[in-house]
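A.B. asks: Assemble chain G onto chain C, guided by the hints.
Listed in order, the protein sequences are those of chains C and G.
The numbering of the first sequence is our numbering, which starts it at 1 and goes up by one.
The numbering of the second sequence is our numbering, which starts it at 1 and goes up by one.
It cannot be assumed that every hint is accurate.
What the hints assert, rightly or not - Partner residues are not named here, just some residues of chain G that face chain C (Cβ under 8 Å, in silico): (1) L11; (2) N27; (3) A56; (4) N59.
Stated by the list, open to error - With a straight-line Cα cutoff of 27 Å, these simulated DSS-like cross-link-like pairs (lysine-lysine) come out: (5) K48(G) with K582(C); (6) K125(G) with K318(C); (7) K161(G) with K318(C); (8) K202(C) with K161(G); (9) K48(G) with K174(C); (10) K409(C) with K70(G); (11) K125(G) with K202(C); (12) K409(C) with K165(G); (13) K455(C) with K48(G); (14) K123(G) with K318(C); (15) K165(G) with K421(C); (16) K609(C) with K48(G); (17) K593(C) with K48(G); (18) K155(G) with K421(C); (19) K300(C) with K283(C); (20) K79(G) with K608(C).
By construction, these hints were calculated from the structure, which means they are not laboratory data.
Backbone N, C-alpha and C define an ideal beta-carbon position, used for all residues, glycine too.
The lines below spell out each chain.
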Amino acid sequence: MALLQISEPGGSDEKVSHKVSIGIDLGTTNSLVATVKENSAQTIKDEDGSDILPSVVQFHADNSVTVGHEALNTACENAENTIFSSKRFIGRNISELEQISGSFPYIITQDGESVPIINTVAGPKTASEVSAEILKSLYDRAKKCFACDIHGAIITVPAYFDDAQRQATKDSAKLAGINVYRLLNEPTAAAIAYGLNELEDKLVAVFDLGGGTFDISILRIHEGVFEVLATGGDASLGGDDFDRSIAEWTLTKSSFNNKLTPNDYRTLMLAAKGAKEKLTMEKSAFVDFITKKKNNITRKEFEKLITPLIEKILLVCKKTLLDADFKPIDMDDVVLVGGATRIPCIQKSVHEFFGVKPLSNIDPDRVVAIGAATHANVLAGNAHATEMLLLDVTPLSLGVETMGGIVEKIVHRNTTIPVEKTQQFTTYKDGQTAMSIHVVQGEREMVSDCRSLAKFELRDIPPLTAGAARIAVTYQVDADGLLNVKAYEESKGVEANVEVKPSFGLTDAQITSMIKDSNKYADTDMLKRSLQEKKVEASRTLEAIKSALLQDGDQLLSGKERENIDQCIAALESTKENDNSKKITTAIEILEKETEFYVERRMNASIKKAVEGRNIDEFKS
Amino acid sequence: MNFSQNYFQLLGINESFDIDLQDLASNYKKLQIQTHPDKNINASPHEKRLSIQTSAYINQAYNVLRDCTKRAQYLLEIKNIEINDEQDTINDSEFLAHQLELHEELEYSMSNDKESCEDFLTKIKKYEKELFEDFSRQYLELDYQNAKESVLKMKFYRRLKMQSKEREM
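The following block holds chain C by itself, in its conformation from the complex (with noise of 0.2 Å):
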């Protein structure tokens, strides 16, 4: 659309324009980074070789971090500091941290309605700051693996994250320093690893089985456009539920009645899980565990075990093909994600399930990251070959609080993204001059079974008779998955004052008070960054204004209105050589304000093109 960056072919800009961008599968156990080099995507080692980062944070009482293989070498000896699964604790409240993991070794707080808070040696952390420890290391390490600066990411999130937990994940990223191009879910990622030569039509199911979650995602490829039809899962279904199939087995077997400390539990989930992974390749595996008998676990016997497992992951499957009106049959492809797919008895199922061998053939602890980094470079502009695109859906039903507690949902389940909303309400009593609007998401009737995402007020309402008013309430979520509410008041066409107050979430300030406080930025230090932040901005501004001038100014700007752009243009290209930010943030702002018409102008135009069965890249010559 408007602003298109233009591509110079030819070997010697290519370098200049070629943007750095990762890929980064951020995840609850593991975290890996990915980038593409020589046209081939590719996971970046550290400086031991080793391309996974264990999702493991270490706070010390000098303020130093410590994350990955060495935080999770010493997490024994520094129990309570050593933060494990922040992807677990990411964008939820207290209570429903209480909920999904019983207890940590750590002390978790929370006061009123704020981000609950993780008291370490080093302070009083968040979920977004811990995780964002994890980002700044991989960032760390693409940086030095390409010796220059990194152009943006890609996250990825699990398909069934709600928007609370897209915002705290973008929070970290923030705090890590990192530009985001969007958070993507880590299934899609996975289709993107396998599926990006695909010319003919297909329909694909991506299997995702971590070590804590379960997803199941429904895409149709179609000449580079990625759309998915829709996403299911079980968020407490995993890898982990059959290294506890297995424990409990050794237990019963051995007819073990000693209360269990927690230094035995440890060693048996360790020793179940070492079994489970035996099996994958052998036909019996012994559980290493301190019981007088023996205890030899053969394959049959754990598929046995795991059978109702699977037959819970097969229903959500059938579940969610019934949403998009598909059959097991009609896939042609099943991709396995997460490690709990190599186990053989999965494969099987799977394939039993969908009629078709599923792939394997990328590693599935490394193809969500692998997926990521060949999206990242698509939206820095790097491939220009293929024109992909990507369409996702909602994973939950976004809704509004009516009277009685009951949910009326705005945005179904499985829309596709971007999506706006608007619903009409009205008032209910006379002479009322303000509405209370609780955004809530999730799929059930009652409010108190959904999760709150918000609650705002919507003033300075006309006094009405009841029933009179009219209050449009629209919902946007933006491609990440992101919701943005608007309410405003029709009758008498005011708009109303709107005030949206995260439930709990991290406010634009305290995320830059965050960065503030962060010991890497001194003050002169933050000044800078934010100045060279500007520069960068308008030289963006400026590179995207130009390139489309050159392509169309002449057929969409009169003599008189390309002068005054051009005006604009020169303007800020003055006042960006000079150190005043405020000054280059003004500039900005005017030359942004100038051009809107003509943003809207080429967007229209372009729109017209499309359906005209013309492209764009004609006009680029």
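C.D. replies: Chain G in isolation, oriented as in the chain C frame:
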């Protein structure tokens, strides 16, 4: 942004009930390739907002046009014939009696095996198809009153389909 175009104009499709769904899908994708926020990651905030709105509007248009019932209702809306789900009723007593029968049949097929469930859905789809043909004819003949009644009837079948799906889960 020119949001005054109707969905057919926006997607470059002739304003009619019988449309080529492949053309629709292909034009939809062409438009999204131009407007989607992913194609505007380096854009200014204003452009990004515009891109989200435009892309959302195209999604909305596509969702209406690709669904027969929604498309029929929208065609009438263009002719200023609004359908109000709460106020508009069907007077065709034969149709209503048939609906009651179908509901009973649904209950029955649910308590039975999967096959009868699928048979039921196939049957519903057959009735729907007849309605679509009715609507297409009525619309062409400018018989909007009966066309409206056809849309109301389509909605009955839509609900039946939803119910049978829900229960299958």
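A.B. asks: Would you list, in rising numerical order, the hints stated earlier that this structure does not obey?
C.D. replies: none
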